[in-house]
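**Q** Starting from the known structure of chain L, arrange chains D, P, C and X on it as the hints suggest.
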Amino acid sequence: MSTIPKKGINATTPLVPEPATVVAVIQETPAIRTYRLVFDDPALMAAFMFAPGQIGLISIFGAGESTFAISSPPSQKDYIQFSVMRTGAVTSAIHELAEGDRVALRAPLGCAFPVDSWKEKDVIIAGGGIGMAPLRSLLMHLLDNRGDFGRIQAFYGARTPADLCYAEDRAAWEARADVDFIAAIDAAHPDWSGRVGLLPGVLEEEQPPAAGAVAVICGPPVMIKFTLQSLERLGFGDQQIFTTLERRMKCGIGLCGRCNVGPKYVCTDGPVFTLDELRRLPAEL
Amino acid sequence: MSKENVKIVGFLCNWCSYAGADMAGTARIRQPAQLRIVRLPCTGRVDPLLILKAFQEGADGVLVSGCHPGDCHYNEGNYHARRRLEVLARMLPALGIDPARFHYTWVSASEGARWAEVVESFTGQVKQAVGGGSVSQTNEVDKMV
Amino acid sequence: MRFIASDGLPRLLERLREDGAEVWAPRVVRDTLNTVLFSPWSEGDEIETGAYSTLSAKQLVLPATERLFAYRYRLTAEGEKIEIEAAGPGMHAGETVVFGARACDAKALGVLDALFLSTPGQSYNDPHYRTRRAGLTVITLACTTCDSACFCSSFGAGPAETAGSDLILYPVGGGYLAEGFSDRGRELAALDIFEDSSQEKPALAETAVLELAGLEQKLLDIFDDLDFWRGATEQCLSCGYCTYACPTCHCFNIFDEMQGDRDGERCRSWDACMFYTYTLETSGHNPRPEIAHRYRNRMGHKFSYYPANQGEILCTGCGRCIRGCPAGVDIREVLKAAAARPATPGGALQQETES
Amino acid sequence: MDDLIATIKQVLAETDMVLGWTRSAAAGVAVPARFHTPREAEAAVFDSTCVHNLAVHLPRLKDRRVGIVAKGCDVKSIVQLIAEREIERDRVRVIGVRCPGMVDVKKAWRCFGFGKKVEDAGGQVAMEGKTVAREEILLAKCRGCRDAVPVIRDAAVGGVQGQSVAAAGELAGIRKRFASMSVDERRRFWRDQFSRCIRCYACREACPLCFCRDVCAMQTREPHWTGGGVDARQSEMAQLIRISHMAGRCTGCEECERACPVGIPLMLLLEEQNALIEELFGYRAGTDPEATPPLLTFDAGKDAGGGGL
Amino acid sequence: MRIGVFVCQCGTNIAATVATDRVVEAARAMLGVIHAESIQYTCSDPGQRAIIDAIQQKDLTRVVMAGCSPRMHETTFRRAVQRGGMNPFMLEMVNIREHCSWIHPDIDQGTLKAIDLVRKGVARVRRQAPLSGSTVPVTRAALVIGGGVAGIQAALDMADAGIPVTLVEKGPTIGGNMARLDKTFPTLDCSSCILTPRMVEVKNHDNIKLIVNAEVDQVRGHIGSFEVDIRRKATCVIEQKCTGCMICQEKCPSRAPDEFNAGMGESKAISIAFPQAVPLVAGLRKEHCRQFVKGRCGVCQKVCPADAIDYEQEDEIVSGAFGAVVVATGYDLYDWTGSYPTYGMGRYPDVITSMQYERLLSASGPTGGHVRRPSDGAEPQQVVFISCIGSRDESVGRPQCCSVGCMYTAKQAILTKEHIPDSQSYIFYIDIRAAGKGYDEFSRRAQTEFGALYIRGRVGKIYPRGGKLIVMGTDTLAGEQVEIEADLVVLATGLTAARGAGELARKLNISYDGYEFFTEGHPKLKPVETNTGGVFLAGACQGPKDIPATVAQASAAAAKVIGLLSRGELETSPVVAAVDRNRCVGCFKCRDVCPYGAVEQEQLPGGRAVAHVIDSLCQGCGLCNVACPPSTISLKGYTDNQLIAEVVEVLR
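Protein chains in written order, with the numbering used here: chain L, 1 to 285; chain D, 286 to 430; chain P, 431 to 785; chain C, 786 to 1094; chain X, 1095 to 1746.
Keep in mind that a hint or two might mislead.
What the hints assert, rightly or not - Below, simulated DSBU-like cross-link-like pairs (lysine-lysine); rule was C-alpha separation at most 30 Å, straight line:
{"hint": "1", "chain 1": "C", "residue 1": "Lys1087", "chain 2": "X", "residue 2": "Lys1639"}
{"hint": "2", "chain 1": "L", "residue 1": "Lys225", "chain 2": "P", "residue 2": "Lys648"}
{"hint": "3", "chain 1": "C", "residue 1": "Lys1087", "chain 2": "X", "residue 2": "Lys1531"}
{"hint": "4", "chain 1": "X", "residue 1": "Lys1601", "chain 2": "C", "residue 2": "Lys1087"}
{"hint": "5", "chain 1": "X", "residue 1": "Lys1327", "chain 2": "X", "residue 2": "Lys1601"}
{"hint": "6", "chain 1": "P", "residue 1": "Lys511", "chain 2": "L", "residue 2": "Lys77"}
{"hint": "7", "chain 1": "P", "residue 1": "Lys511", "chain 2": "X", "residue 2": "Lys1620"}
To be verified - If the Cβ cut is set under 8 Å, some of the chain X residues that face chain P in the computed set are:
{"hint": "8", "residue": "Arg1122"}
{"hint": "9", "residue": "Ala1123"}
{"hint": "10", "residue": "Leu1125"}
{"hint": "11", "residue": "Pro1224"}
{"hint": "12", "residue": "Arg1552"}
{"hint": "13", "residue": "Val1742"}
Honestly, the hints are just simulated from the structure, not real lab data. In this text, a Cβ means the ideal position worked out from N, Cα and C, and glycines have one as well.
Here chain L stands alone, though its shape is the one from the complex:
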């Protein structure tokens, strides 16, 4: 994995977050909200750098800290964006946040997608549900540097039209000629005139060529499972496929112990892994 400069973290006390403010809240789906955060310290905000795939830990004091993928692209200097699905105590507390509310943030952490090594290659992106969050960051980064890559195909699947995030972005991607973006929902729905079908099937219908390509998939386990099978049928090798892992994290810096899969720590060795790496890890997901 590429080593990314990790500015934004307090260098001497990396377990201490920095105060930040919510500048915008977007209700994406009934269960997902997007938050745009800005560090209260303008110098920190100006120096903030990261790469797609990296993560941040949002603190709601009293409730605790939780890990989320950064969903804005590195070129977005005005804010750092996270999409949060409501699942537990911390995410419920985050869902209570309104514009102007104060939080604290540790970011960026973890390793990024090695986009530097993808130059000239075709990139296939497949995101399911909340798994689209890091891929939004990635896709926008690829588009910011469009000339560096070959064909870009992006697939985004959800159960129903109401479960799709990023409506504005989707419209923009669909309008662009230099990316083949397909959003699909699992089953026909009166509010939906677009593609219908499970993501692995849609992917196979589109038949992206494996040669000289990389594929990035992110989503719920069952989606990953079948998408991997589709990619294998399309001829993708284990080193061409990238995904991200999710684990409960506390420290984010490889110390506290819980996020390891065998000898690898998701917080520092991941969250981005190639399929090849995953195959060599013990079966504990």
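**A** Chains D, P, C and X only, in chain L's frame:
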């Protein structure tokens, strides 16, 4: 010796004792101002741990009051409460908490005057109990008592 | 060699205290059922030099709970703001002396250093740990006897290990021979409480030896052999004793301790990989739901992952987990059985695609 | 021992496994073991170091047919688990054993050293030339034991009926001191005791009746009774949670106290609570599989409490 | 989190002793509070408008209302915040009037306390989640269990209101105990004259389905939608075919006891209970029938002109769906024979119960209304009545008053005199309880007009002597022993719950007392409800009572059911317990303590059994929350964390 500046937490059921306290208020019966009332549907909702938690958080006294046995809005709630609270009350000495700092009783919606008497006399009892230089006074850090 | 008479020990420790150090030593705790713990020592306190302490001395560098920072919500002219104030190391931040550590305890500190003091860029350099570690003096009591739970000889020099110790005291007639293994240790040995001696170092204990060769790979090879792990953990009750008593276990939890709604502290606290809640995710999913999964990770971390990542085995053979286990689990039996177990195929994707 | 092994083999014929003890070479005392085959059962032992209450495993083996070698006090836990419907009576085969009183292994190790083979015979406990009076080294619960005869049993070893029960001893040691303390002294006593707690939850995990385990409120933030930190107040609250939840359920098996690595005398509180539950409700947990635990029911007419000031 | 705090001045009611501006200022500094103001009269229209405006302008998500008691105005303000667009349960009221300004004259004390209470309210509302009740559809049908006068009255009232009613009766006919009475006090109406027309009305009512010889087998579901299995016992008679001609009874060779006549006469193995029975259908009692006992007979089958006899008939389960249940299982008479050894334990044929005497008095009884004593058929001259047999008698464990004994004994004494003008009645009594309208007058008439001799005291012993019964008692007023040579002794036996009442209660999950009388929802305010929603009580099954009280309660129960079933669906209270399935360990202590049977077992995929709360049954007491060690069942709106936060905040 008695301590004036005490804090007392009261857990009152909504149907009888809270209403009884309301009635005491409506009748403008003056009462000591140290009590803070937490309203619950029933004394059956009072977890003994809430009482211990209150002591640990620095309460000088804890008072629980509900419907008279047999009159529970939920028929059986205060019967269960009575068992739970009696066990707790008798455990307090072993835990190192003066049992005089805890009391549970029954006050109906019509017993406004009695409610005021309960508050008056329990407040006095607590002031007496914590006034003797117990651990809570000698060491503010260790609040349980 | 230098020598200190038995009755000189309290004088030594008192001298250290006078110099401003806090002194910790193994003591039988009053009102307990014969529990020996490293405890703050002051003059007149009896020191237990025979029985082993139930808990290790790691609390002096990794306290069971410590503050990371305090937070406050404050109403300002611009509305509500958060103030964050990073905490210092707090406990044991100054000079600390631990007396009566054993070779296995001292060595464990070095094992932890590999992670907590690793060079910047590689991993994390923990400021609290660094401060405490820098102020810690380890006076080790060499073991001339041992019990059947000891197996330090499986790791390097065993009872003769000097890593991590500043000063080692060897029991001889009437007192202890003293040898310094750091500047601090040599400085102490030079004090006038010690005298020169020509006595020979005593013979050290011979502890049980556990064959560890090949274990690093073997634990990966039998990762998917759940039958093995279930069998090995059938007595385990999944408490956190072994991890908390272990001188090398260092996993921690981070949580907020509220003082009302506006103020609070973020703390880190020892956590145990044997707890179900350790890896429980908010969705309800748990990658290590069974005791077998958790124990497997514990063995893997100690004897495979940590050696692979940090070059050190995360065990020094102190035997505490064996002596104190309420269910009588003996880690050596599990490792022996693991070594004898044939490898099984598997990999991360296997489980994912099957689940 | 032959009788025990033969009985275990018999019970194995109708169960998936039998929980019992075997001798640990390293520890020199009995350690818990599971016997799945008659061959494994050959290693079974029973002596005065079989301190563990194996009933702790039963809630985790609900779907299996399990035999269990059990002392009278262990059987109380089994009875209570049945009374609380946590396990089914007909899935458990109880092998009652004649209990000689159990040695406090930690004390023994303090006297003799860990791993030394402890010989228990005729009022004396001995090893390598040292002897200690048996009385001094018995577990507290064995003094004045009222429950040596297993309340339920499907098989018996060593004639469980009519065995002698250790005489009620006078309060000794901590118990004696505690009994004479004032309320404020007790407050300080507990603050000191709980300042040692490391929140390892061995007390809970060793308790056969603490079957909430993984979701136990000692550890949760929902409900957030207490913080997760190691400090006397938080640890005390955590322990009060357990003690409160044991009211009317604790059979006094002493496993929590035995498991506590830092020697907190938890039984002082549990014994007190058990005694007052018996006084108030005439109920002793673990003596009647049909009885309803007292805090799950009430007696409108007989229960007393509450009232005027 | 966007919290608004509103501090009501209540004119000067609060403002006089609580500095509301200081409370507002303190509230502004509380976490999450973005709006705080003090309002003169919050409950007034402009006051409520101010709250609504603030909610809408500042996008408030939670509101704390400091003012009067929530028992006064909680509903008012819940509606107000709802109009403002919030969930009504995101409002928390703190009581700074009844619990503060009105009882603390010192303004500093009052203000500090008010601030504490507001802080408590803020902490609590911060942890509040929006709540909404669920709706459950209501099955528009009612089940009445028991076909005595209570069941008949309730069934007719409901049926007249258009509700389909199923009336289940254990015996072969409806009418219950009242049908066996001769006359009723205090009017001396003929009991069957007033009852039988009602019985026929039941039979003919389009909205009533009558099932006799049947009992409730199983009850599932809850208020609004019960599913009930009714077991119709085999009677060997096809009900639809039987014409009630009674030829079978006439020809039947097997004798059988006459239960309708309380054992005073004799009946046949196949019979109709009495000529006015509804339905007028014969039934066969196998235990007395030669066909079944000896294996051969078949007379009834041969003689039946309607071909209605079917010896192969089996029990039949009739299932039905109901929105509500009225329990009207009535009473049985106390069985005295086991517990009054000095009265002969039933060995003297001329010591009979009041119901047996009632049958002797009745024109439809075994003697055609001529009073003849059982032993020799002679007309008695000296009749002794003894009150309080199996009631008000601690020595037999029945301390309660039967509430009708005094009155029916007076009635029977009067009727005795009417039947046998030269007879003399003696009544041993403890107290004369005649509290109803016209009752005291009636019992006095028994003495003054009909010459009954009242003796205050108990009878110590009865023994036979030469064809007479010697009754030895004490006259406690005169302080002397009394000895009467009686021809007939009538025991005023008390009322007990119907046999099997406890078992039925367990099926319905309603409570009952130590005598198996069902427990009403509240002794004062819910006399016909039970603690199980949708199950109502009528008549003596709840406790001994006379006919007018029974009928009144039956109509009351019917009114409750009519009200309940007039709604298409029921909204359940949102303040109910809920289970966190992920964390439930399945110990079911919650179910053990639930007074309402609102907790059931839910089997999760994978086999794990967890608790599940039936919202429509849960009343929100929170007993389960405390019984659950890890609080995985928790009471919405009163969660542990809310209560803990309140405690922490008031102590800061």
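**Q** Each hint: holds or not?
**A** Comparing the hints with the structure gives:
For a cut-off of 30 Å, the pair hint linking Lys1087/C to Lys1639/X stands: about 28 Å separates their Cα positions. Restraint check: the Cα-Cα separation between Lys225/L and Lys648/P comes to about 28 Å, which is no more than 30 Å; the hinted pair holds. The hinted pair formed by Lys1087/C and Lys1531/X fails the criterion: a straight-line CA distance of about 37 Å is larger than 30 Å. Restraint check for Lys1601/X and Lys1087/C: the C-alpha separation of about 27 Å stays at or below 30 Å, so the hint holds.
The suggested pairing of Lys1327/X with Lys1601/X holds, with an alpha-carbon distance near 18 Å, which does not exceed 30 Å. For the hint linking Lys511/P to Lys77/L, the alpha-carbon distance of about 22 Å falls within 30 Å, and the restraint holds. Of the pairs offered as hints, the one joining Lys511/P and Lys1620/X is violated, with about 53 Å between alpha carbons and a cut-off of 30 Å exceeded. For Arg1122/X, the interface hint holds, the least distance from its beta-carbon to any beta-carbon of chain P being 7 Å, beneath 8 Å.
A hinted interface residue such as Ala1123/X counts as satisfied when its beta carbon comes closer than 8 Å to some beta carbon of chain P; here the least separation is about 5 Å, so the hint holds. Interface hint at Leu1125/X: satisfied, since its Cβ lies 4 Å from the closest Cβ of chain P, which is below the 8 Å cut-off. Here the hint on Pro1224/X is broken, as its CB sits about 20 Å from the closest CB of chain P, past 8 Å. For Arg1552/X, the shortest C-beta to C-beta distance to chain P is roughly 66 Å, which exceeds 8 Å, and the interface hint is violated.
Taken as an interface hint, Val1742/X checks out: its beta carbon lies about 6 Å from the nearest beta carbon of chain P, inside 8 Å.
Hint compliance for this structure: hints 3, 7, 11, 12 are broken, all remaining hints hold.
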